[in-house]
Amino acid sequence: DGGITQSPKYLFRKEGQNVTLSCEQNLNHDAMYWYRQDPGQGLRLIYYSQIVNDFQKGDIAEGYSVSREKKESFPLTVTSAQKNPTAFYLCASSQQGDRNSPLHFGNGTRLTVT
Amino acid sequence: GNSVTQMEGPVTLSEEAFLTINCTYTATGYPSLFWYVQYPGEGLQLLLKATKADDKGSNKGFEATYRKETTSFHLEKGSVQVSDSAVYFCALSDRDTGRRALTFGSGTRLQVQP
Numbered sequence: 006d007g008g009i010t011q012s013p014k015y016l017f018r019k020e021g022q023n024v025t026l027s028c029e030q031n032l033n034h035d036a037m038y039w040y041r042q043d044p045g046q047g048l049r050l051i052y053y054s055q056i057v058n059d060f061q062k063g064d065i066a067e068g069y070s071v072s073r074e075k076k077e078s079f080p081l082t083v084t085s086a087q088k089n090p091t092a093f094y095l096c097a098s099s100q101q102g103d104r105n106s107p108l109h110f111g112n113g114t115r116l117t118v119t
Numbered sequence: 108g109n110s111v112t113q114m115e116g117p118v119t120l121s122e123e124a125f126l127t128i129n130c131t132y133t134a135t136g137y138p139s140l141f142w143y144v145q146y147p148g149e150g151l152q153l154l155l156k157a158t159k160a161d162d163k164g165s166n167k168g169f170e171a172t173y174r175k176e177t178t179s180f181h182l183e184k185g186s187v188q189v190s191d192s193a194v195y196f197c198a199l200s201d202r203d204t205g206r207r208a209l210t211f212g213s214g215t216r217l218q219v220q221p
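Residue numbers (the numbering used here), protein chains in the order written: chain H, 6 to 119; chain W, 108 to 221.
FYI, nobody ran anything at the bench for these hints, they're computed from the structure. In this text, a Cβ means the ideal position worked out from N, Cα and C, and glycines have one as well. Treat the hints loosely; a few may be bogus.
If you want the footprint, here are the derived chain H segments under chain W, 3+ residues with CB under 8 Å [to be verified]:
id, region
1, 40-47
2, 50-64
Okay, the calculated beta carbon distance ranges per label pair [unchecked claim]:
id, chain 1, residue 1, chain 2, residue 2, range
3, W, K175, H, P44, 42 to 50 Å
4, W, A124, H, N58, 47 to 55 Å
5, W, K167, H, N58, 37 to 45 Å
6, H, N89, W, T112, 20 to 28 Å
7, W, T133, H, T117, 29 to 37 Å
8, W, N129, H, N58, 20 to 28 Å
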């Protein structure tokens, strides 16, 4: 079955360490997205990519970095510059070129930084 | 910019009660509108969508009508079940901008009691 795989489901890190969250999709979608979810704040867009080797900042990109070297993969690095990294991170993808195309989400990674 | 406002939760209902979750939006163009549902510990799943004014999206007994005159997209269900307990997100896709990512509301938690 096609879908989006995020790993790991839970991740724990010490403050000051960079950490990379994995996101892989086999839906053949061109566009991929990273959202952050905090209680009571809904989802906020971190980065998005509409095509391989290209990506744009979302609304809260500071302290994060991404790469898009392959169509299937869009890893997110949470750097030590991110002041409040503890959150639930969701990766999504969609069909490019169709503005009505819904997002398909992975099951998320819960990151805890202490 | 674009924004989505949802009623605050939690909404607590008894089984078979009628459900309404309010959603209003602000957008510069003519957006597509979506409702997503999130079950505990999971990512978001598309529940229904509407792409133009007066369209009605429906799925699994849930309905929502795109009301351009009131900029609203309220979610309704005639008879809720315990299995409908989840967090519901209203979202929009602005078709007139280059950014294809969705803008989400803050989510409304629904708790259905037997």
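Taking the hints in turn, this is what the structure says about them:
no. : hint                        : verdict
1   : 40-47                       : holds (count 4)
2   : 50-64                       : holds (count 5)
3   : K175/W x P44/H: 42 to 50 Å  : 32 Å, violated
4   : A124/W x N58/H: 47 to 55 Å  : 51 Å, holds
5   : K167/W x N58/H: 37 to 45 Å  : 39 Å, holds
6   : N89/H x T112/W: 20 to 28 Å  : 24 Å, holds
7   : T133/W x T117/H: 29 to 37 Å : 34 Å, holds
8   : N129/W x N58/H: 20 to 28 Å  : 42 Å, violated
Comparing the model with each numbered hint stated earlier shows that hints 3, 8 do not hold.
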